[in-house]
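Enquirer: Taking the hints into account, I'd like the entire structure generated from these sequences.
Each chain, written out:
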Amino acid sequence: MAVGKVTFTKAEREKLAQLLWLLNWISVLTGVILFSLGLFLRVEIQKRQEVMSDQEILYVPHMLITTGLVACCINFLGGKICYECTDTSKFLRWKLVLLPYIVCTFFFTFCVLVGALMCYSIRNQLEESLFLGLRNAMRYYKDTDTPGRCFLKRTVDLLQMQFQCCGNAGYRDWFHVQWISNRYLDMTSSDVRDRLRSNVEGKYLMDGVPFSCCSTLSPRPCIQQQVTNNSAHYNYRHQTEQLNLWRRGCRQALLDHYTSIMRSIGLIVLLIWLFENVLRLGNPDCESDGWILENSLAETARSNFNIIKNLGKCYQVDDDPNINASPLSA
Amino acid sequence: MAVLRVKFTKDKRDKLAQVLWILNWISVVTGAILFSLGIFLKVEINKRWELMAEKDIQYVPNMLIAVGLLACGINFLGGKICYDCVDTTKFLRWKLIMLPYIICTFFFTFCVLVGALMCYGMQSELEDALTMGLSEAMRFYKDTDTPGRCFLKRSMDMLQIEFKCCGNTGFRDWFQIQWISSRYLDTSQKEVVDRLRSNVEGKYLMDGVPFSCCNSNSPRPCIQWQITNSSAHFNYDYQTEELNLWMKGCRQALLDYYNHIMRSIGLTVLITWLFELSVLTGVRYLQTSLENVLRQGDPNCESDGWLLENSFVETARSNLNIIKNLGKCNQIDTTNNGDPNINIPSTSKADYGPDNVPPKQIPADS
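The listed protein sequences correspond, in order, to chains V and L.
The numbering used here applies: residue 310 is where the first sequence begins, and numbers increase by one.
The numbering used here applies: residue 3 is where the second sequence begins, and numbers increase by one.
None of these hints come from the bench; they were simulated from the model.
Glycine included, C-beta positions come from ideal geometry on N, C-alpha and C.
Please note: incorrect hints may appear among the correct ones.
Unchecked claim - Reference listing, derived: stretches of chain V covered by chain L, where coverage requires no fewer than 3 residues with Cβ under 8 Å from a Cβ of chain L:
#1 416–428
#2 455–467
#3 481–494
#4 529–536
Expert: Below you can see the structure in the form of structure tokens.
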């Protein structure tokens, strides 16, 4: 028994085919939207690839890009099919292709759903990647004379200014790294040598931060050296001073930035997926009697399973019905 | 003799009407573009309004917005007119409006040209506004506790970071003003007191700059204090160090930015002006050729189109006469007491028909 059998007159059929043609072209447009969203996300991730330790999260934009391209092709083909459905003679051309096409589109909409869910699930991996990437960037901040790392100072400075953040989790992270290169340290000064000797690794550590941590909202000129020393600056208490430096850590700032992008993209992709489902329900109506499935869903599943079983069986030698069967009747 | 007379067949007229219809719609789009360029310029100027002194430069974006809206309206009407001009009967509807429409459009294109020239002429006023505005902003940089000026520090910092500039003409401008508020100066310290006494106005001047002047391309951590003192920092030579701070002045940076915008907008407006002028010429030809069709009576005949019916001089003279007579129509003529119908003896010979025989005098009844 067919599932959802509906009959159509010829005029209704033509109108339906035209409507479906229009819908298919709209979904080509949504395929283009998917593609451009994937491209946008890829560009955003590439922009900050220096502060991310691994690039595996690139699989999300790649997935979106491929599903976008596939959407365009599938819907273009579907548009052609539906357009020719209006003419029954032309429909015969497409009759054989129709069922594989419908199966392909079911898998494809599944991929779109997976793409949408990936956008939401990537947060943890991103956080880990940002933590490691920022830590390395801060460690190599001073190595502006090392090829391959000379740009990290500029990257971190621009990042801190643009995202209004300081350090990995906060500004105190700068107290644990040497961010001033030895080239600019006067080794003859006793101050410098004391500081270098004061820790195990011989690093020049101090309670100062780079200028890019300075907050533009502060009413007073920026205090970036001796940040924790209240007596070094007039009318200054570092425990209550909130406006002097950026309080947020860059990991949190970047995470928020990417999460909001991915959430918006995920929402748009989900909407596209819902739209595609509506389209798929309408698409098989191109057939003259408008069946949704030729048999009921259960029978279809059973017959597909049998087909798969017999595919396996065809290599077995026994039960060949043509071998020496004695005729039962003369 | 007509100015630039062109012969039009019926086909040419129809084609001209159709082409003009399309061109008018394209002009509507360019009018919308002009409008949005005006809005964009207005927004850009307003963004940095605090850094510009009180100069009237808002007239340029306002002019562009008005011109854009006018262009949309005029060309929309023009499109409708040209669409109807294919059919001579529909043209009769528009016949009376067309000449005033063409005159209005001519003045409008003149306004567009003025708008384009204004874009290029605004530059000197902008420079003055920026010079004064930036020096004021730097002077009030420290006044973060004064309402009405408390945002100037932030504006100045964001400007220097975004445009990669420092000071008005260079970083040395910061050496001549006190940019640290007295609230944060320990006046009990001898050093501070010495500095305050070292100049006439009692300002705390020093060779230091705010953090926003720091160049992010510098390989070393930023040196913002004791900039001119090479011995205060290790391995630092003040005369040769170029990467430490931004070297460009903010006035130059902002001027370059705005000049770039104004040049692009000015070019777009000039192109729009040329386009509008060509559309206007086409509409004028269409109008004159259709009027000549009506004069000749046959809708399928060839007709002439021109820009002006007579030469420039004659047209100017006749228009001047019309204007003079408009003034005169209320004056009373002093001869004949003003009434032309009063008793003028006939000075011309009467015409009594082909054989010129005067009629017999009919004797009066006795």
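Enquirer: For every hint, state whether the structure bears it out.
Expert: Hints, one by one, checked against the model:
1. 416–428: violated (count 0)
2. 455–467: holds (count 5)
3. 481–494: Holds, because 6 residues of the stretch 481–494 of chain V bring their Cβ atoms closer than 8 Å to Cβ atoms of chain L.
4. 529–536: holds (count 4)
Hint violations for this structure: number 1 only, all remaining hints satisfied.
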